[in-house]
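Novice: Assemble the whole structure, with the sequences as input and the hints as a guide.
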Amino acid sequence: MTTIIKFIFCFFIISNSVLADNNKAAYELYKELRCLVCQNQSLLESDAPLALDLKKVVRDKIELGQSKNEIKKFLVDRYGEFILLKPKYSIQNILLWLGPILFLFIGFFVTFVFLRKQSMYKEEPLPLTNKEENSLKKILDNNVS
Amino acid sequence: MIIELGHFLLALALSLSIFQFLVPAVGVKFNYHSMMKSTSIISYMSFILVLFSFLSLVYAYITSDFSVSLVAKNSHSLKPLLYKISGVWGNHEGSLLLWVLILTFYSVAVAILGRRLPLKLLSLVLSCQGLIAVAFISFILFTSNPFVRIFFPNAEGEGFNPILQDFGLAIHPPFLYLGYVGLSVTFSFSIAALLVGKVDTIWVKWVRPWTLIAWVFLTIGIALGSWWAYRELGWGGWWFWDPVENASFMPWLVATALLHSSIVAEKRDTLKAWTILLAIIAFSFCLLGTFIVRSGVLVSVHAFASDPSRGLYILLLLVFFTGGGLVLFAKRAPYLKSGSLFKPLSREGALVINNIIFASAAATVLLGTLYPIFIDAINNSKVSVGPPYFEAVFIPLMVPAILLCAFSPMLSWKRAIIDNIIERIIAVFICSLFLASLIIIIHGGSASAFLGLFLAFWLICGTLYEFLIKVGVKSSFKTFIQRALNLPRSAYGMSVAHIGVAIFIIGVTVSGAWRIDIEKPIILGEKIIVKDIELTFKNIKKVEGPNWNADRGEFEIITSNGAKHFLYPERRFYPASQVNTSEPAIMSGIFSDLYIVLGESLQEEDSFAFRIYYSPFISWIWFGILLMAVGGILSLSDRKHRLGYGLKQV
Amino acid sequence: MKNKLKYFYSYTPLIVFLILVLFFARQLILKEDPSELPSVLIDEKFPSIILSELEGYKVFSNKNLINANGPSLVNIWSSWCVPCKVEHEYLMSMSNNDNIIIYGINYKDNKAEALKVLDLNGNPFYAIGADQDGMQSINLGVYGVPETFIIDRDGNIRYRHVGPILEYDMEKIILPIINKIKQERL
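Protein chains in written order, with the working numbering: chain A, 1 to 145; chain B, 1 to 650; chain C, 1 to 186.
Honestly, the hints are just simulated from the structure, not real lab data.
Keep in mind the model is a prediction, meaning the values are calculated, not measured.
Some hints could be false.
Said to hold, decoys possible - Simulated pairs of lysine-lysine, DSS-like, Cα-Cα distance not exceeding 25 Å:
#1 K267/B to K137/A
#2 K108/C to K63/C
#3 K343/B to K117/A
#4 K120/B to K198/B
#5 K68/A to K88/A
#6 K520/B to K24/A
#7 K73/A to K382/B
#8 K61/A to K108/C
#9 K267/B to K382/B
#10 K29/B to K267/B
#11 K56/A to K31/A
#12 K61/A to K88/A
#13 K24/A to K68/A
#14 K470/B to K137/A
#15 K55/A to K108/C
#16 K56/A to K111/C
#17 K640/B to K205/B
#18 K382/B to K31/A
#19 K267/B to K205/B
#20 K640/B to K61/A
#21 K267/B to K198/B
#22 K520/B to K56/A
#23 K31/A to K520/B
#24 K111/C to K382/B
#25 K108/C to K520/B
#26 K55/A to K72/A
#27 K382/B to K138/A
#28 K470/B to K198/B
As the list claims (entries may be wrong) - Quick look at which bits of chain B chain C covers, simulated, 3 or more residues with Cβ under 8 Å:
#29 286 to 297
#30 364 to 375
The beta carbon of each residue, even a glycine, is placed where N, CA and C say it ideally should be.
Specialist: Shown next, in the form of structure tokens:
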């Protein structure tokens, strides 16, 4: 089991070293930035002149050794958060990021209430023991074949 | 003349739809059997009227009658016949008419297949369908009339958006609408059940096949849309999380939940209120999708030309139907009898978790899609919610659903005992872990690729194992075959659909993890090597099409086994609409796609900007989705799902 | 009590739905263009940008904007941009009739073509800088020509107008803001 985990961990590292590649970093950033003049596309999926310029800005800055976050900050300072296709983890976006967990929680909570109420209203037969279950299964199997 | 006739017939259909709403409603109220019985005939007539009205518009398109405003704006005499016909629904007005045509068609189907339903229930369903038809036909007639003439017609039309001239997209709207509108039937059934105040087995037996029908069409419709986006948009992507795509995806998620909850409702007579709520929500999402696509409140690549007055009308429609449905639900649902009980660890329990996850997923997609609107209203600032968000939240949501999906069919109803299945789960776990690790060790790959493969194998192994158990692993060959033949088709349907999900996951994972992108200028005669494929840019020349002219590049492809192919990426120009489009050339295979896009000619001589994508296993995405739909059809063909089965005894 | 609680639960989908509708209605009634972007540079210093010369015209740099005598406009234009031609006459009018100092940023243009336009239609600009590769304008958050910025005495950006300035925009938006700035500190 631990070897498997080690294996998985190794893949993480391998993939990260690949990610260090400049091109890949640029590619990742293009995917997270909005082409402002297009209807709803990322820089990666756009040939609009402004998108090409912004791609150049991103590439130049990566070659200068700037980090992903620095480049994002540079663009947000000029174009606003609108340019980010992946919204920041901020108070403004708290509902957006916690929403999925909230929905799941509500779902499980309602189910819990429902099941509890159900078992309160109705008498429940005792569950069969393992032995009983097995013998029942045998009988059923014989019936089928 | 014919177009005026079509207009008149539609107006007539409106008045008939009013009757289809009123007659059964009055009939049920005062218990007039003759009135209830006549509803079916009204629905037949209404369908025939809408059909002829629709055909008159098709006729105007085929004959390129540019005195009709809609035809002039969206068609062109040189367009191929197929796209002339698909042009009918390639715009706001015409697509709504198709919507109504399908709606009335479903009413007829309900009327014919439902002859054995309790008369009161049938009448209420048809009445509700009639009301939906009234709303939509009046929407067409008062805000989006496709039959408007222009007084001084041009000799030629403005042309149809060239990017939409594609076979996949030509048949995409009919399938999507068959799905959307199919959900109106389950909606009407739910409203009728709430009005009657009784949700019994007959009701569930009826709702399940209709959900299946709608779900199958919706699935195919979405697959066609995604397939089109892949082939036409020229970026090698197949899903962009665009608001319009999400608008079709949300009803699908809810319909999938409904599909699973109705199993519980059918088999175990419980979760009935929840099933009704899902049916209402599913149709509401269809209306919401219509609103998003046609009102212009959100920025989207694919939105129809938007108009706020139309937006307001659809919003009113949404408020009326969804609001009305939810009010009725709130009033009546608490009085529905709750059915039989079950333990958390049981087939029911697993299906409930499936429902929670799918409902949460739909709510999440809704949240992400609408979040820019919320923030604009609350904070007066602009945010974008794009694919990176959806990928970040959607995948973790779906992982537990997939994990559950493999072994929940092994759980017994009512109360499962973990000891009985734990060995199977471990076997499936080891098997899938081994297979996924093997592939990653051979090919290398990221953690997410490993996770994707593991999930796919987990699902395949689990499904196959469950199937083997059902037919008896240790039995002789003869009994094996016999049992396999005796299995109900719905069991096969489930297995096939789940395998489809696994194949879909493989497609998504492999094409994402091992995709190769090349974006660079290529000079005539240059040779490029992608993976083990050799590409040579041989030639470029001008070509003429029926309604376009283009630069066509020629690539010679030599694959690893020495086979020679040619690919012709084009950059087309459509004079009618003054639009340039890139027509990617795709070499599609079972195990990989090669995708070439011709960009602009560059300053240097004989040099062109090219984008080349190598995507392994990408066709598995659509194959997987198709398999899901096949599973749905198999299930539908099961004797007990056949519409009307088992009602004779009642 | 139990029944009442149950009642409340069953109303929650309806309530959630109605809240959604409120947001939609607001969006519909406002009729905002969802693709139009507000500038994030409002009330910020005009960024420092380096522009090249357009032969025969004074070069514009952000130094012009600091400690100016009054408000000024910075207009981003191009000879290939059709709406720019439409707004040209209003720029001329503001420059000549209202004595507003307008600076031009010539965006990704062929200099010869740009000079031709100024010769033909007149020059509304006090000074012009050329941004040939469009990189400098990115500092301004420019996303489409024409765009016009209103700058106050201290060199702070007060307003951004996206798209051509037509008569309505000039009379009802641009000039009132300029007059407001003029009255400050007087």
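Novice: Out of the numbered hints, which ones does the structure contradict?
Specialist: 9, 10, 20, 24, 27 and 28
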